[in-house]
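Peer 1: Each chain is listed here by its residues.
There are 2 protein chains.
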Amino acid sequence: MQEKQRTEIATLGEFGLIRHLTEGIELKNKSTLYGVGDDAAVLSYPDTEVLVTTDLLMEGVHFDLTYVPLKHLGYKAAMVNISDIYAMNGTPRQITVSLALSKRFSIEDMDEFYAGLKLACAEHHVDIVGGDTTSSLTGLAISITCIGDAPKDKIVYRNGAKETDLICVSGDLGAAYMGLQLLEREKKVFMGQKEVNPDFSGKEYLLERQLKPEARGDIIKKLAGQGIKPTAMMDISDGLSSELIHICTQSHVGCRIYEERIPLDYQTAVMAEELNMNVTTCALNGGEDYELLFTVPLADNEKISQMEGIRIVGYITKPELGMALITRDGQEFELKAQGWNPLRES
Amino acid sequence: MQEKQRTEIATLGEFGLIRHLTEGIELKNKSTLYGVGDDAAVLSYPDTEVLVTTDLLMEGVHFDLTYVPLKHLGYKAAMVNISDIYAMNGTPRQITVSLALSKRFSIEDMDEFYAGLKLACAEHHVDIVGGDTTSSLTGLAISITCIGDAPKDKIVYRNGAKETDLICVSGDLGAAYMGLQLLEREKKVFMGQKEVNPDFSGKEYLLERQLKPEARGDIIKKLAGQGIKPTAMMDISDGLSSELIHICTQSHVGCRIYEERIPLDYQTAVMAEELNMNVTTCALNGGEDYELLFTVPLADNEKISQMEGIRIVGYITKPELGMALITRDGQEFELKAQGWNPLRES
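Read top to bottom, the protein sequences are chains A and B.
The opening residue of the first sequence carries number 1 in our numbering; numbering runs sequentially from there.
The opening residue of the second sequence carries number 1001 in our numbering; numbering runs sequentially from there.
Bear in mind the hints are in silico, worked out from the structure with no lab data behind them.
For each residue, glycine too, the CB sits at the ideal point set by N, CA and C.
Be aware that one or more of the hints could be misleading.
Far from chain B, by Cβ distances over 10 Å, these chain A residues were calculated [unchecked claim]:
1) K71
2) K118
3) V129
4) K152
5) R158
With the Cβ distance kept under 10 Å, some of the chain B side facing chain A (calculated, not the full set) [to be verified]:
6) D1038
7) A1100
8) I1142
9) Q1181
10) Y1205
11) G1225
12) G1227
13) I1228
14) T1231
15) D1235
16) S1242
Model the full structure from these sequences, guided by the hints.
Peer 2: As structure tokens, this is what we get:
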């Protein structure tokens, strides 16, 4: 294997590194008046509301660099924030990126990270408008803030779900979690035995879902194209169960979802079987799929049913009926937030 | 000493902790439509431009919890971002706060941090509108994004300084750095010998400048009140020298500043002498004072000279004259960016 070039970040310093990483960035959004290079970025939103979301990702907690390439990490770090703007039914416009790096990282590493970041931003027409690059004693910390916009009457909150609304999910669930299991398994194999080639064949989709999630701006566009405005919406980062509980709690409603309706990919099912895990549990609690979970009025049933890539998984009920999953054999189980929670007692 | 209560964060979990920390937060700004609790905050800026700035602070690099109380840390973390909005001649309106915590931190610790954060926000009428709370393997990471606004024609960039403009500084410089030296010295004493009482008497101002910096919104108001719009402006976070170089480089100009004009507090001078350091060097390169550095047209000389808390330290020149400090004995020294740079080779 060819040795990769390694240039110490200290040769550039903080400002040199920021300049190096952000040079050549073209600003594409009308709302971006001024980007990197001053005390603050300057944006303009005269006609729409401004949406702001932020995330902090820590090495060893949110990502493991032994199997996550830095380019994918940059891509994913941007994408998860972009996804939050779509989840408000908005359009992502700008991001700021703050990084804290230990000495282990080189300029080439940061180039890789930024390559992924820029790719994700290019796909969603998002401008990189600022940030902060500093050092850390151990590991990598990434903080991204994404700014977007939406006309006031188009914004979709979590608290608008109404009784009889249909509960919809885009794409399929559980694959990102299965991808993580797969990477963790291969890491263990790799740790125990050198010269091993991880066997990922037939499982590419799971890896892609874990390493290169896609924010569902396409679904937002499709819904708008059909004249459908969801009554409540979130992106699924912590698992369907956890997110649905958020929507129901904030909307003061209950829900029923059907196990048989939960969208699954074939590879997810195969992998769950291989790992002796219940695939429904994985889909309910896995997280990191970054699909959209939303509710629509019953009147949109026909339109929604005909839209590709969207599945109706259940409906909203009165609050006193609670939140439950109906299994294939007709049993009712209360939904629990067993999704990924970094601060939970383990 | 009474044992402080300690409640593990795991007892609340991520969402519980966010709810606990943000409950009772009242939104005070007209521009804040929706704060904590959804995928993104919703803001409204129909008549002004939006300013966005962000910072990432890492334990062991940016702060040392052996001598920085968490309440002060929260206060300072908010203040340094608020300061960046003032440095654009804007008004801070909202912040988002992301924290990554190791198991060492308790709910009571976070209450302390948030108490400081809320105090800083209350003083500057800033709303806490969102954030992220997660775990870290080691130490504390804090990422704050501050959003503010300014009418387009009032925004002051770094790149507008013109030949003959006056260079102005608010407050005094070097005290925050002296405060840091003092704390570091007492830490060493404390580490070597228990039961020692740090001797801070007569040095309270230095500690306050280090532990409780104040963003200079008052200066921004005063300037506006006098009808003065700076041609370029920054806040002094890395040291006067480094910031002035930023302004001159981005404005394509040179400068002359006078050693005898640099504003110093008496305590700063005493402490520098005690530590056998050159006080001018401390003021030029110390950083963390969060005072404002700005340039104004020569025509504003009279008005500026009469304003309390502002000192004219020099003037802007043609670029070919370079950037220099004139010492008390009339010698010229080229300004160098020796301010704090976390990524510089040490």
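Peer 1: Now tell me, hint by hint, if it's right for this structure.
Peer 2: So, going through the hints one by one against the coordinates:
no., hint, in the structure
1, K71, "holds, 21 Å"
2, K118, "holds, 18 Å"
3, V129, "violated, 7 Å"
4, K152, "violated, 8 Å"
5, R158, "violated, 5 Å"
6, D1038, "holds, 5 Å"
7, A1100, "holds, 5 Å"
8, I1142, "holds, 9 Å"
9, Q1181, "violated, 21 Å"
10, Y1205, "violated, 26 Å"
11, G1225, "violated, 22 Å"
12, G1227, "violated, 22 Å"
13, I1228, "violated, 18 Å"
14, T1231, "violated, 14 Å"
15, D1235, "holds, 6 Å"
16, S1242, "holds, 9 Å"
Violated hints for the displayed structure, listed by number in ascending order: 3, 4, 5, 9, 10, 11, 12, 13, 14.
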